[in-house]
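Engineer: Chain by chain, the residues run as shown.
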Amino acid sequence: MATEQDKILEEVTKGEYKYGFYTDIEMDMLPKGLSEEVIKEISKRKGEPEFMLEYRLEAYRNWLKMETPDWAHLNIPEIDFQDIIYYAAPKSKPKLDSMDDVDPELKATFDKLGIPLEEQKQLAGVAVDAVMDSVSVKTTFRETLAEKGIIFCSISDAIKEYPDLVKKHLGSVVPPNDNYFAALNSAVFSDGSFVYIPKGVRSPVELSTYFRINAMNTGQFERTLIVAEDDSYVSYLEGCTAPQRDENQLHAAIVEIVAMERAEVKYSTVQNWYPGDKDGKGGIYNFVTKRGLCKGDYSKISWTQVETGSAITWKYPSCVLMGDHSSGEFYSVALTNNHQQADTGTKMIHLGKNTKSLVVSKGISAGKSQNSYRGLVKVSKRAENARNFSQCDSLLMGDKCGAHTFPYLEINNNSAKVEHEATTSKIGEDQIFYCNQRGIDTESAVGLIVNGYVKEVINQLPMEFAVEAQKLLEISLEGSVG
Amino acid sequence: MLSIKNLHAKIEDKEILRGIDLKVKPGEVHAIMGPNGSGKSTLASVLAGNEMFEVSEGEVQFNGKDILEMAPEDRAREGLFLSFQYPVEIPGVSMVNFLRTSINELRKYREEKPLSASEFLKLMREKKNLVDIDSDLTNRSVNEGFSGGEKKKNEIFQMAMLEPKLSILDETDSGLDIDALRVVANGVNKLKRPDNATVLITHYQRLLEYIVPDYVHVLYHGRIVKTGGKELAHELEANGYDWIKKEFGDK
Ligand SMILES: Nc1ncnc2c1ncn2[C@@H]1O[C@H](COP(=O)(O)OP(=O)(O)O)[C@@H](O)[C@H]1O
Ligand SMILES: [Mg+2]
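As you go down the protein sequences, you meet chains A and B in turn.
Heads up: the first sequence at position 124 corresponds to 124 in this note's numbering, and the numbers run straight through without jumps.
Heads up: the second sequence at position 79 corresponds to 79 in this note's numbering, and the numbers run straight through without jumps.
Only some residues are given here: those of chain B computed to face chain A with a beta carbon under 10 Å: (1) N50; (2) A71; (3) P72; (4) R75; (5) L80; (6) Y86; (7) N97; (8) I103; (9) N104; (10) E105; (11) K108; (12) Y109; (13) N143; (14) Q158.
Below, in silico cross-link-like pairs of lysine-lysine (DSS-like), each with a Cα-Cα straight-line distance of 30 Å or less: (15) B:K25 <-> B:K108; (16) A:K455 <-> B:K122; (17) A:K471 <-> B:K113; (18) B:K122 <-> A:K471; (19) B:K113 <-> A:K455; (20) B:K128 <-> B:K113; (21) B:K10 <-> A:K426.
To be clear, the hints were calculated from the coordinates, so they are not data collected in a lab.
Just so it is clear, CB atoms sit at the ideal spot from N, CA and C, and this is done for glycine as well.
Let the hints inform the model, and build the full structure from the sequences given.
Structural biologist: Now the structure itself:
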């Protein structure tokens, strides 16, 4: 049972040949390796303005001088950065004629996850008929946004169409020299999303990358920038619950959020990168820098994430609470199984007065996995009356896995009130037996218990996403108990 | 309904059940009494399918099926219910969600449609009255922070909801004050039907004042050493277990 998911994943990747994909792929790519020439070429092929090239080059020069980070609690094999292709134009994905051609096991996974048919088609690479509903949904969706003056497009388009906005905000939250992977991303980022919410506008819909054409396959160095002007609101969703596999092992993304006065940004993500087989081979290394800047007074940024994927995850969505009365929230579920390693957490940096932050972290470790939570709460000298509450819970399944919690506090103002609570629990055999005795089999029992455990976080997700996330957790844990 | 023949079970090579024979027919109430450590809870656990115990010999038929090979959830779906001596807490899982999952699993097994939310809530209201359980409790997580008495009531409430064919109540009376005891007993009596049966495990006679058993068995050292009518319970109450120990103790 433990390997059912692996098996499906295996099928998905092998399936390309078995189920008759053809390889009519127009390849437009640069040779392996990284140099100033490569970066110039990337920028040229993307048709970028001069400022962007300068930005990339400066990031690259910084990166050259940087040391690979200290790997925290992770055990990471050496990465050969000259063995990576940094530019490959979006290839036309091989298309299948209909859903009937899709690997039945892959389809079963989609059904289990409850992914809508249209989305299934996209994920499986089935050509979507132009008269299909989804297209008109998309069109209406874009029209609605345009009316409100909301910009939601790929970052590549934004660089060309809204260079001033991009220039003003890109790197304003995560500077190119922020850390090793941020520098690398800044030098070579391929694509990603750009969101701009004008003053006083509340986005009437949830912005989901699903609706952004060409959102799939944005590649390994994804870049997202979200700017919310005064009094605006947006809820942004990223990722999907379907298992995603990529031939690129290394993923280093950056997400930047800027919230101006009284603006509120909710960022939710469910990530299910291929974690590798049960021995940990072939999984994605996911190094992400996500940071939100509460720039204006009374602004609010909230991160919600459900992570089940990757062989190695290294990410700390953070909030810089600069505006007075601004607040940051972090809700996270990180599940690790088999040989996965996760080192996640958050940083809440209190700079303004009366700033508040809330952290709810739920780790689940199964198999031989290692799951670490690292949380930094920093209160600057000027930050009068800062408040933080952190709740970090770990749930262990079996006795070969590990959970570690590292709270870091840097408090430079005496008026700060910082509270940290941590618990570790185990799913007991007696709990499972109790459920069994009521007719609930072990897998459902684990599902019930795990979903109960993560409820607080899942409740933060938009409805359909929440349902998918719950199922995803159940599937990810299949066979890990009993 | 239930037929146990020469049942032996052990844990870590320690034999705890040493040849149990017992027959329970529909409509009957059996009481199993015996001093602490005699194997009463073990018998209940083994019947429910707890894998901690290894069955080394014997057979158990329930509804004409050999249940020893069945997974615990399937035994439950067949209609076997155990009211635990020590009900466990399951934080984060609401009673409502738990019970609804449970009921629908049982219904699925019987090829019945799952209960809708409103049907389920209606059923719950009905059964709540029967065992006089606080609404507040059903909104909380399974057994979490329940008092001892509340846990026991909650077991009977679940029994009422699931309508099992055979209920094994393991010391459901212990730790209850007289009012709670009456409520529990009342619930059990009201749920009694000609086609279901109850096995009461207890070491006090007290409960048997309220629920009148058809048979009383004395379990000692992993064996049923004596069987009688309800007067046997009185005898035990009057004389304690010493005479049993003397008569049946290992020589
Ligand atoms: N998990 C266990 N591990 C080891 N011994 C056990 C375990 N459970 C019960 N026993 C032993 O089995 C015997 C019977 O216990 P139990 O069935 O709980 O008795 P009763 O319910 O009649 O009081 C006791 O000697 C007890 O110590
Ligand atoms: Mg007992």
